[in-house]
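Engineer: Sequence lines, in order, name chains A and B. My numbering applies: residue 1 is where the first sequence begins, and numbers increase by one. My numbering applies: residue 1 is where the second sequence begins, and numbers increase by one.
By construction, these hints were calculated from the structure, which means they are not laboratory data. Treat the hints loosely; a few may be bogus.
To be verified - Looking from chain B toward chain A, a few residues come up when the C-beta cut is under 8 Å (computed):
(1) E129
(2) L181
(3) I197
(4) F339
(5) N363
Don't be surprised by glycine CBs; every beta carbon is placed ideally from N, CA and C.
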Amino acid sequence: MAWKAIDRVNAPTEESPSLSEPLKEKIRGFFDRYPTKRAVLIPALHMIQDDHGYVGWKAMEEVAELLEITPSDVFDTVSFYSHFWTHPKGEKVVMACRSISCDLLGADRVLDECKKVLGIGDHETTPDGKYSLMTEECLAACDHGPCLMINEKMHKCVDPANVRKILEDDANDKLDIPRSNLYDGANRTSA
Amino acid sequence: MSEYEKVLLKNVGKPNSRQLATYVEGGGYSGAKRALEQTPDDVIDVVKRANLRGRGGAGFPAGVKWSFLPKDREVTYLCVNADESEPPTFSNRVLMEEDPHQLLEGILIAGYATQATVAYLYMRAEFTEQYHIMQVALDEAYNAGYFGKNIQGSGYNLECYIHRGAGAYVCGEETGLIESLEGKRGWPRIKPPFPAIQGAFGKPTVVNNVETLANLPHIINRGADWFLGIGPEGSSGPKLFCISGAVKKPGCYEGAMDFSVRELIESDRFGGGMRNGLKVKAVMPGGISMGILTADELDMKMDFSDPAKYGLLGLGTASAIVIDDRTDIRKVLRNVARFFAHESCGQCTQCREGTSWMYKMTNRVERGLGRLQDIELLGEIPAKMGMMPGLSICGLSDGAAFAIRTIVEKFRSELEDYVRSENDDAVRIALEIAN
């Protein structure tokens, strides 16, 4: 993603959550993996987003302090990657692939159906805070297009007619595979 | 099309193929054990002799890359590139999903050969299921003594960590990957210095693709001559091919690099022919950055040298998207232009602006508001933005240029026909908007 302009006049003013002690401890647990503290930033941002649902201004300031870098360094990184949200997102993020293979197999119809069923546009969140919608570049499952990813779960060969059924299923983001207990960053630790 | 015993995908479909016990039962980790008994230079020599060319896209020989490391280095980092983002590539996903230990064994061998102390497996954020699979496999491998201190009693230490990205195509470029690993935005670096001299954290670093490393256990076990015996000279060894689009059996297949695009589509071993009696209109045989082939150019061989004869950038990731005759070429053009405009990192002006201009124009053309000079410009901009070596920091602009230039050159008359036939409509729509 290229440069992203932020609206400083209308920047969110509400209080964003700060880092809890267990979360800080978890971030510190990554220090011995890398020779510099800054390298822990991206894993830390993943952990913060899994915990808070997004990366708020306060969390950015606190993680900067923890990693001994400036808040602007943190924002520099956050703003580059499309998977970090700087404002609250929905409980589940629906990611619709729009790259060439999925596109030729009808990804636009799947996306339109998602917009219709959820009643929101790209990068928007439903009023009940349950779903956010975003488009994605290639999800690396081109043999099974069109693809839809809901949080961790990939839905392959999605028929636009089935989108409603998928989105109404409560377990549509459940991924039932063995996990390591070394890093549970993918599981929410609170909320 | 030669036949040989499959190696890279041999565990696909086996029950419990992700577990260490299944992998070891099938002869797994014997290559790593054999490598640990040799000196690192011996391992590098075998890989060099086998002429294992990088599978990530550039095709640079892995053994040669390793030998660029300075002799008197103290620390070496190994980065494994699993940031597979090139549409329509998914071979790394299959390798990690079905046979994670094959990759881990490859990491151990490459780590030993380069005397790396830490290996970072850089996985894109979209690989969620694959991340859990790899982490579980890595825990198993640690417990069995294949990673950590004094591996298998050899005295060699290697730590391996998984580092997850956060959604950026450009982090698949090796220096972009290194920047991202360091916690910065994934902006590719100006080279030189090359990563082998000054890479991650300023130390000598090797970046290898997942599929390249998956080949290593087999090279060590079976020898360089076995590897050289598969496929034509200069493109030897087993290779994974992905095929998607309007074919009967889209998927990831293993083969030697000795067949044509036509065979990839038609053969029952691969694509199985076109779906619903459709005809081939075009194929992008190496991922979208490499460029496009028309239906008359399907005799191109899927090896490292042939694509250049057809005006393509290279073999790339050997992942073909087959476009059928019902598809509007404007849709393909617009999709490709949008991808590069979205993924350009914004460092180099000609790439940042060029990809966005091209997206605007292709958008216009697709909506039926195109002008003939748009087609003219779409042919001209790519020639100015990435074709001169050293003009851009990384290869993204070359990829964008080849993709768009080849589509415009090879389908020019079709695009112009669309523009001409819709010019009247365009005038009408413009008038409607104006009124």
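Engineer: Checking hints one by one. Is B:L181 an interface residue toward chain A, by the C-beta closer than 8 Å rule?
Structural biologist: Given a least distance of 6 Å, the restraint on B:L181 holds.
Engineer: Quick check on B:I197 please, does its C-beta sit within 8 Å of some C-beta on chain A?
Structural biologist: The hint is violated - B:I197 has no Cβ within 8 Å of chain A, the shortest such distance being about 17 Å.
Engineer: Interface hint check: B:E129, Cβ to nearest Cβ on chain A, cutoff 8 Å. Holds or violated?
Structural biologist: holds, 6 Å
Engineer: Holds or violated: is the Cβ of B:N363 closer than 8 Å to a Cβ in chain A?
Structural biologist: This hint is violated: B:N363 lies away from chain A, its Cβ roughly 14 Å from the closest one there, beyond 8 Å.
Engineer: Mind checking the CB of B:F339 against every CB in chain A and telling me if the closest is under 8 Å?
Structural biologist: Where the cut-off is 8 Å and the nearest Cβ of chain A is about 6 Å from B:F339, the hint holds.
In summary, the numbered hints that this structure violates are 3 and 5.
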